[in-house]
Amino acid sequence: MRVSWNWLSEWVDLSGFKNPNELADLLIRRGLEVEQVERLDRGLEKVVTARILSRSPHPQADRLSVCSVDCGSSDPLQIVCGAQNMKGGDVVALAQVGAHLPNDAKIGESKIRGVVSHGMLCSEAELKLKEESEGILILPSETPVGLPLAAVLGKDDLIFHLKVTANRGDCLSHLGIAREVAAALGLTLKKAQPSPLCEGECPIAIHLEAGELSPQFYGVWIEGVSVGPSPAELVRKLEVLGLRSINNVVDLSNWVMMELGHPVHAYDGNQILGKTVSVRKGREGEVLPLLDHKTIQLSGHELVVADGERVIGLAGVMGGGNSEVQATTKNLFLECAEFHPSWVRQSSGRYQRKTDASHRFERGIDPTDLGRVVSCFAQEVVRLAGGRIVGLKSVRAPSRSQFQRPAIRFGLHDVHDFLGFPRDQSPLLLSELEAIWKRLDCQVLKQGDHWEVRPPSYRWDLNLMEDLAEEIARTVGYDLIPATIPTLSSSPVSAISSIPQLILQDRAKDSLVRQGFHESLNYAFTSLGSLESLGLTSTVRLMNPLSEEYEWMVPSLLPGLIRNALTNWNHHFGSESLPIRLFELRPVFAAGASGAVASSQTETGVQEAWKLAIVMSGPRFAGGLRGDFAPVEFADLKGVVEALLRDLGTRGVRFLPFSASRTGGNPLFHPGKSAEVLAGNTVAGHFGLLHPARARDLKTRDDLWLVELDWTQLLKLSRGAFQVPSYKAWPEFPGMERDFALVVKEEISVDKICQVALKAGRPLIKGAKVFDIYRGAQVAEGMTSIAVRVIFYDETRSLQESEAEAASIKLLEAWKQEIGAELRG
Amino acid sequence: MLEKLSAIGGQALEEIERSSSLESLDQIRVTLLGKKGSLSELLKGLSGLSPQERPVLGAAANEWKKKIELALEGRKTALEKVLLEQQLQREKLDISAPARIVHPGSLHVVTQTVRRMIQIFGRLGFDVTLGPEAETEYLNFEAVNIPADHPARDMQDTFFLGPGVVLRTHTSGVQMRSMLAQKSPVRILCPGAVYRCDHDATHSPMFHQLEGLWVDRNVRMSDLNGVLLFWARELFGADTQIRLRPSYFPFVEPGAEVDVSCFRCRVKRSEQCRICKGTGWLEILGAGMVHPRLFEMAGYSRSEGLSGFAFGLGVERIAMLLHEIPDLRLLFQGDMRFLGQF
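Protein chains in written order, with our numbering: chain X, 1 to 825; chain Y, 1001 to 1342.
Hints are computed from structural coordinates only; laboratory data are not their basis.
Worth double-checking, as some hints may not be accurate.
Unchecked claim - Okay, derived cross-link-like pairs now, BS3-like style, lysine-lysine, Cα gap no bigger than 27 Å in a straight line:
#1 K87(X) with K106(X)
#2 K728(X) with K769(X)
#3 K1076(Y) with K18(X)
#4 K163(X) with K1277(Y)
#5 K1035(Y) with K1092(Y)
Stated by the list, open to error - If you want the footprint, here are the derived chain Y segments under chain X, 3+ residues with CB under 8 Å:
#6 1008–1019
#7 1052–1061
#8 1080–1086
#9 1207–1217
Note that beta-carbon positions come from the ideal geometry of N, C-alpha and C, so glycine has one too.
This is chain X alone, in the form it adopts within the complex:
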C-alpha cells in the first residue's frame, strides 16, 4: 500500500521527524515493512516558478530568445531559451544553476552563442511530466513566483511503499498508519473522525439476507448530483497512490478508502430497480455484468448485492456494470457495508479479481464506524458534485449493535515472563505496559494479579496474551529483548529422530565424494517428454505447474543426472573425454493405489521413495599420462558400488545379471552390461551401462555408466553401520597360495569358480580370487580361460606342501564336477 507524507500529515504531526527515513525506520520497527520511499520531487529540487519580465531576440541566433526572468529573490536573471511559445508576463518553470533534472540534464551557467544563460526554462518533457511536449511549460498566470515547482505541482510529497502483513487490515489507510504513528510517538490524531449523519429518509429499502455473512449495511441517498471530472487536487492525491481518476464520485469512493480504510461504493440510484437493495448469496445461473465490462456466471457460493430484480454487485469485490455511476447519473445510492472476510476472499479468488476492496474486506474492517464513513463519503460527494443528501439508512445484525472485542485476561507478569524481561523492572515497568496498550486504544483494567485488556474494534489481530505481548515488544523495540539460552530440561533425543537416517545419508555421500563424485541436486519435477524419451513415465502430476517443463514428479533420479551429464558435455571442448562423476540422494514420487488424494490429515496418497543415483563416464583418473585416462568400465562402476556398500556396512546384497532377473531389468540399462541389485528377493536397484538405444537418442559423447539404488532397502540392510566392530586377530601361521589356469564355458560366471573353491575346499581354502580372464585365439571357441589364485591356511599350525597338494587335487575335481572346468593344457 502507498502512503503519502502530506496526506498522513493531515492526520498526525510529522514535524518531529528530521527526515522521511526516520518515519520509515519507525514503521519498520513497528512491523510495517517499507519497501521504498519515493520522492516525487526527484529532479525538481532546483526548479522554481519564475515570471518572464521581457523577451528579446538573441543577437547571434534567430531561433533563440534572451529572457529576463524574475524568480522572486535576487535581481532578474538572464536566460537564453530556444522555445517560441512564451511571452513577457508568463509564469514558467526555471531550472536554476545546479539543477539535475528528471531527464538527467545537469544545469550549469553557460554561454549560448556568446550570451550568458543563468539557467533553463523547462518543458514538460524535460521535467518528465509528460512523454512529449511542445515549447516550455507555461503555468497559470496567478501562480506565485519563486516557489518550488514541486510544491506548485503537488509533487512536494513522499510516497511510502508499504508491505502491510495479512494480519494488519487496520493499517490499509492513512487513518490506520496515522494511528500507528500516533501510538508510537504518544501523539493524538489531528483530525477528528467525521461525525455521522442522522438516520433519515432513504427511498431504498435495505435487506440483509445472509445473516452474519453481512451483518451491517449503511446507505445514503443523494439527489441531483453532477458527475464530472475531479478537481486537480483530488486527481493528484489519488494518482500518487497509483489510483487512476475516473470521475468525482468514483474518485471520492477511492479517497474514502485510502483515508479511512473502508471500501465504499456508489450506485447510480436510478438503476436500482424495485427500490430495494439486499445482500444475499448468489443463485446458480444468475449473471452479473461487472464494472470491468466482463460478465460472470454466479455459482451460489458468493455474496452479492442485488436490487429488486437483479444482481448489481459482487459483494466486497466489485460493483456491477448495470448500476455504474456515469456522466448522466443524477441520483446516488452510497454503500458502506461489512462482508465476511472469507466469503469475500472466495469470490475474489473464484472470479480472479483481487481488488483494493476485496483486499481490505479479507483482512477485516472496523465494524464500528460504518455510519461515520458513509456520512463522510456523502458530505464529500455533495461538496464536489453538488446535490442534496436525502437521508441515511442502516441495517445491523444484533452482533453489530454495541460491538466490542472480547477482553483478554492474563497474569500480571505473563508478558514479562513470555518475552524474557525481568518482572516489573527497567526497561519494562508494569506501568509502561499499561501506557503502551492505552496508546493503542485498548481498554486496560488491572485487577489484582491480572490484566484485562480489551483491544479496539479495528484490531482483529489481537486475541491472546501473546498478541498483546507483541504490541509491547514492537513498541519498546525488539532490540531490547534480552538474549538467553534455553535450558535443556530432558534428553535431547526426539521421539521421531531422523539422526540414524542422516548418519547413513552422510556416510553414503562422503563415500561417493571420496570416490570422486560431485553431489548434484535436480528439481523434483520434469517434463513428460523427457521421461518418455528414456522409456519412463510418472504417476504424479502437478495440478498447477509453472510450465510443461516442470509438470511431472520424477519417478527416478537418473533422468536428472543424465541431463546433467549432457549439460556438462555440451560446454566441454577439447580432445579429451570429460570425466563425469555425479550423484544424487533424494526422494522420487509415485501415486498410491487411489492417486494423489489426501485420505486423512496426514496421508497424501503419494509414495516417496528415497533413491541414490550415480552417473559415471570418462577417464579413470583426473590427472596423469595417457594410460591413466583410460575410460571407466563396468569394473570401475562395480568398484564404486561395492565401496559404497562397504562404507554403509550393507550386508546381504547380491548382484544378478539382467538375464537372470525375474523383473526383466530396467529400460534405462544395457541388458547385457548391467546388474540387478537384490536385497533378499527384492530388487534394490540396478547398475550398468546406459542402454545403447537411449545413448543414441541422447547423443551421449562417451559411455555413460549408471547406478540407481533403492535407499530404503539399503537402509534396512545397513545395520552394520551402527555396529561397533570387535577386534579380530589375523592368522599366526603362514598360508600357501596356488595359481590355477582353468578353461570353462563362457556362460559360467567367474565368481562361480570362487564359490566352488570356497565350498569344496573347506576347511583349508580360505580365499580364492580371479586375477585374469582371457577369451580369444588361445582358447577354444565358446570357452574362457580364467586364472584363479587360491589361498590355503590353517589357524592352528603351519601347512605342509603335501596338504595343499591334496586339497588342490580335490579342488580340481570339484571344479570339473560342478562347472566342467579343466586345467588349461
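Guided by the hints, dock chain Y onto chain X, whose structure is given.
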C-alpha cells in the same frame, strides 16, 4: 712352499686391489678359495709335509686366507659403494611430470550448509527430523494456523498434486508431525526441500529450508533471541549482530524477520558492498514464538504452561551469501564447473 704361498697370496692381493667389478672379484675368490682354487689346492698339499713343517705352513696359509678374505670383503664394500653411487647418478625421475590423481568429489553447497546448521544448532540440544515433501494441505496450512480462506495463504504460492495434497511450501508440516508424535518437550530441526510457484534469479520453484522448533515449559522470546545470536555468531563470526524486526507469520506470535549484520561490511562498511547492498544488514530468516493455536492443533493441553519458539531459514540464501553465488539457478543445473568449486 712358503715362498709359493707368499707368491700366490701377494699376487691375489694385487688382483683384488685391481679388480673393478663384483664379478671379477667373485672370480678371484673362486680361483683362490674355491674347492679347486689355488690356495685350497696348496692347503691340500699340507698333508704331505712333515709334522714340523705342517703347523708352520698351516698357520701361514690360514693367515693368508684371512688376509685375502678381508681384502675381498673390503674391496667388495668399496665396489658396492661405487656401484650404488653410479646407480644413484643414473636413476632420476622428472618429478614435475603430472601426478596420477583420483577425481576430487564434492558435496553440494546445500548439503554442506545444512550440515553446518545442524552442527551449530545441534550443540544446543536440537534433534533432527525429516518429513515428506508431498504434504497434506491440512498439515502444510490448517494445522499451522493458515486456514483455507485466510489471506496469509497468499504469502506462499503453492503447487498442488491432488485434492488436499501439496508440495510442501515450508517444512512446518514436519514440526506438526513431530508434535503429533510426541509430548513436550520438542526440540527439533527440520531440513529439507520445499516448493513454491516462483522462478527467477532469486526464486527457485524448489529450494531448501531448515526450520527449528523448541517447545517446553516457560520458553521465552529471549531464548529465541539468544539461540539465533549464538547461531549467527557461529556461522558468520563472533562479532556478528542480529536484528529482529516485527513481522507476521501465522504460525508464530510475536513474529519477527531476522537480519544479520553483514559479514563482509563488518570490517569496513561500504556503500558498494555486493553482499548487503550497503545496508549493513542481511535479511536472513523468519522466526517467532509458536502460536498457541498450534499447541491446540497438536492436542497439547493449555494447562501445561507450554511455550516455544520456531525459526525458518532458506538454505540456498545462506549458501549464496557465504559463497557469493550470484544466481540461484546455478545450484540446480548439475554443472560440474559449479559443483566442483565448493
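Here is what the structure says about each hint:
no.: 1; hint: K87(X) with K106(X); result: holds, 25 Å
no.: 2; hint: K728(X) with K769(X); result: holds, 22 Å
no.: 3; hint: K1076(Y) with K18(X); result: violated, 100 Å
no.: 4; hint: K163(X) with K1277(Y); result: holds, 20 Å
no.: 5; hint: K1035(Y) with K1092(Y); result: violated, 43 Å
no.: 6; hint: 1008–1019; result: violated (count 0)
no.: 7; hint: 1052–1061; result: violated (count 0)
no.: 8; hint: 1080–1086; result: violated (count 0)
no.: 9; hint: 1207–1217; result: holds (count 3)
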